[in-house]
Amino acid sequence: KKTSKPTKATVKQQQGKKGPLEMSAKKRVPFLRQVVSVKKKVHRDPRFDDLSGEYKPEIFMKTYSFLDSIKKQEKEMVQKQLKKCRNMEQKEKLQQLLNRMTQQEQAQKKQQKLRERELSLKRQQRELAKQGKKPFFLKKSEKRKLELAEKYAELKRSGKLESFLSKKRKRNAIKDKRRLPSQKNL
Amino acid sequence: SPSLGRRRREVAEDEVEETPQEKKLRLAKQYLEELRQYEEEEEARPGDLIGDRLKEDVLEQKGRLQRLVAKEVQPPDPTSIRELRGHQLPVTCLVITPDDKVIFSASKDGSLIKWEVDSGKRLCVVPGGKKGTEEQNMGHASQVLCMAISSDGKYLATGDRNKLIMIWDAATCKRLHIFTGHRDAISGLSFQKGTHQLYSASHDRCVKVWNVAENAYMETLFGHQDIITGLDSLSRECCVTSGGRDGTVRLWKIPEESQLVFCGHQGSIDCIQLINEEHMVSGADDGSVALWGLTKKKPLALAQHAHGMQEAQGLQQPYWISAVAPLRNSDLLATGSHSGSVKLWKCGEGFRKLEPLCDIPLVGFVNSLKFSAAGDFLVAGLGQEHRLGRWWRIKEAKNSICIIPLKQRATAPSPAIPDSS
Chain S
1 KKTSKPTKAT VKQQQGKKGP LEMSAKKRVP FLRQVVSVKK KVHRDPRFDD
51 LSGEYKPEIF MKTYSFLDSI KKQEKEMVQK QLKKCRNMEQ KEKLQQLLNR
101 MTQQEQAQKK QQKLRERELS LKRQQRELAK QGKKPFFLKK SEKRKLELAE
151 KYAELKRSGK LESFLSKKRK RNAIKDKRRL PSQKNL
Chain X
1 SPSLGRRRRE VAEDEVEETP QEKKLRLAKQ YLEELRQYEE EEEARPGDLI
51 GDRLKEDVLE QKGRLQRLVA KEVQPPDPTS IRELRGHQLP VTCLVITPDD
101 KVIFSASKDG SLIKWEVDSG KRLCVVPGGK KGTEEQNMGH ASQVLCMAIS
151 SDGKYLATGD RNKLIMIWDA ATCKRLHIFT GHRDAISGLS FQKGTHQLYS
201 ASHDRCVKVW NVAENAYMET LFGHQDIITG LDSLSRECCV TSGGRDGTVR
251 LWKIPEESQL VFCGHQGSID CIQLINEEHM VSGADDGSVA LWGLTKKKPL
301 ALAQHAHGMQ EAQGLQQPYW ISAVAPLRNS DLLATGSHSG SVKLWKCGEG
351 FRKLEPLCDI PLVGFVNSLK FSAAGDFLVA GLGQEHRLGR WWRIKEAKNS
401 ICIIPLKQRA TAPSPAIPDS S
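Listed in order, the protein sequences are those of chains S and X.
Be aware that the first sequence starts at 1, since it is given in UniProt numbering, and climbs by one per residue.
Be aware that the second sequence starts at 1, since it is given in UniProt numbering, and climbs by one per residue.
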């Protein structure tokens, strides 16, 4: 029934004495009267909000590790649906979804591996520094060489070394062929 | 735009645009000039007449001129109350002409009656028409809610539920003009004292200013958040309005286009009147009567359950205050409800207290109360129903106006000017 105080008002009295509120008489008043003050909902996006803090991958992985199990369950569900499904269009869609999920998983694993490698390098250097020797930092090319060596070892273990090497040779051959002078220039 | 129109008119008169302060200065100089001319005419008069009159006027302007009349008022003799009947439906409003000789009253059936005070005769009757007879009928076709008379007694203005304000010539009761523009029932009318400027308030929550002499609309003022239930003005270019359920009383400063907002009542504020230029009195439907000063946001004095409690549907509820009337520039106040009597009150020192004086027994809803200019009698407009609706009906009451003569204990009241306000 009672109104809340009007927002734009000029108080033309001393600070101590509170006289009547003075307002403009020419502003039209909205038809609906505000009886109870309603708080405006402040929308915040946690991606851009300062409250969320900076992105730290380790902390993020730790707090959201529960999502991995959920993702696994969802993948199983999609696989089941794919088996049951008869409709070709839907089957395609489900297949794409399944592929997407598996690829996301693999990407995550790759990133994790990278991080672990970095950590192990840093640990090595720390140990060396502790022991008293000078810590050395690897060049990028040397890091790549190390990666290559690891990959080679991995492939050998799984037995896919031959196929991988042949594919690589083919790819390099095509690239080299492009470099050769073409028939036009003869 | 309307304000531009007014500015243009002023330019036509004075050939110079002026601020409100300059306007006040010009009016003051004009007034002094008139007084000087008056003195030149009346030479054989002793004493500093102009000085005295100026002093009185200044005090009246400042709201300090006060006739301490209240303590000398005696409860009137019930047999001396005259009842004048003529309206079919409850009387909603009435006005007394400034010379205290004629009373105009209007009722829910749309009729207007002009009464002579001394004889009680009906000088003129303008009957109200039924719904839909606006073309044929000269009078109102719906309930008349409010009326006002100019301070020279020339124009009478009435407002009804059909959004029309009708201007009448008071002497002949001929309709001069109709003002349209409001979008809902007209609930308050008042002339600025000494001019022909009319203020009107309506249920559409705006206050409009009209110039009756030129039949022109001047401007509209906004601010209320509920229907306006009452309006009053004195000689300043200001008016006060009561805002019903929004719980505010607003003073509108027209030249500055601003408003002062006061709040204090708990119920719906139903009626408001100015006592002098600086103080006002209002009544609400929770039975409270409040005295206001222009410098404080809350009322200076508040009397709760002024007319007592009534038994309504098994609950104790206060009697609604349906009318308040002050004797201008004095400390006497009358309030009316349907409790069976009109109560007279005395305003204490500086309007900070409200003391009951006596009761005048009157049966029915007191829809309107007015004191005569001199203070010798009080007129009440009675009805079987409240002027705004039909919540209750008192069968024993008569739709009439009552003239109550007031007696003074002393021989003649002398204008007493208090030292400090």
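Because the hints were derived from the structure by calculation, they are not lab data.
Be aware that one or more of the hints could be misleading.
[To be verified] For the chain X half of the interface with chain S, some residues (derived, Cβ under 10 angstroms), not all of them:
(1) Q225
(2) D246
(3) V249
(4) E256
(5) V261
(6) L294
(7) K298
Each residue gets a CB set at the ideal place from its N, CA and C atoms; glycine is no exception.
Against the structure, the hints come out as follows:
no., hint, verdict
1, Q225, "5 angstroms, holds"
2, D246, "6 angstroms, holds"
3, V249, "9 angstroms, holds"
4, E256, "8 angstroms, holds"
5, V261, "4 angstroms, holds"
6, L294, "7 angstroms, holds"
7, K298, "9 angstroms, holds"
Of the hints listed earlier, there is not a single one the structure fails to meet.
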